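**Q** Given these sequences and hints, build the entire structure.
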Amino acid sequence: NAAVVGTFENCVNSGTVKNDKGCGNNNFVGGFIGYATSSTNLRHWINCENKGVVYGGGNVPGSCRVGGFVGGTYAKLQFTSCTNSGAVTSCTTIKDDSDGKSLVAGFIGDNEHANGKVTFVAADEAAGIKPCKNTGTITLTGTLNQYGRVSGIANLDKTDGTLTAYDVINEGQIVVKNLS
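The numbering of the sequence shown is our numbering, which starts it at 31 and goes up by one.
Please note that a few of the clues may not be correct.
Below, in silico cross-link-like pairs of lysine to any residue (SDA-like), each with a Cα-Cα straight-line distance of 20 Å or less [as the list claims (entries may be wrong)]: (1) LYS81 x GLU201; (2) LYS207 x GLY88; (3) LYS81 x THR169.
If you're looking for bench data, these hints aren't it; they were derived computationally from the structure.
These numbers were taken from a predicted model, which means no experiment stands behind them.
**A** Below, the structure is given as structure tokens:
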């Protein structure tokens, strides 16, 4: 088992998190963390909610990854009784680049690495554990060189990361518009 190095408990983000300028080769935007990089230690969210607007966009020379909780990760992340009710949007113009893609989701924009292990804990009513849920609108729009992915919960960009999801619920609207 991994050591827990960061626990977010009963935390709420209700502010707007916005990066519309792009940055470097990639753009990572999240309600709590833009990019989680540790492959050995666990970060755990318990009874947390993102109510804020999370927006990533602009002219990006690489890729754009936007999530209600985490933009991109190759860390070990665990969610228990968490909710995203905020609008999450990726509105990107990807410049000429072989990695031109955009990923957007209610919790995790992109779990992109073999060490990335994301778990949504199973609901247990007797123990007070509610299912994780997205009720926010998730939007993907813009100009892409490769592809875009949009999900109410999480994206798994590569086949070597893992995503384990028990009892997750998406009630949010998924919007894909004006892609070229």
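**Q** If a hint holds in the structure, say so; if it doesn't, say that too.
**A** Consistency of the hints with the structure:
no. : hint           : verdict
1   : LYS81 x GLU201 : 15 Å, holds
2   : LYS207 x GLY88 : 16 Å, holds
3   : LYS81 x THR169 : 16 Å, holds
Violated hints for the displayed structure: none, as all numbered hints are satisfied.
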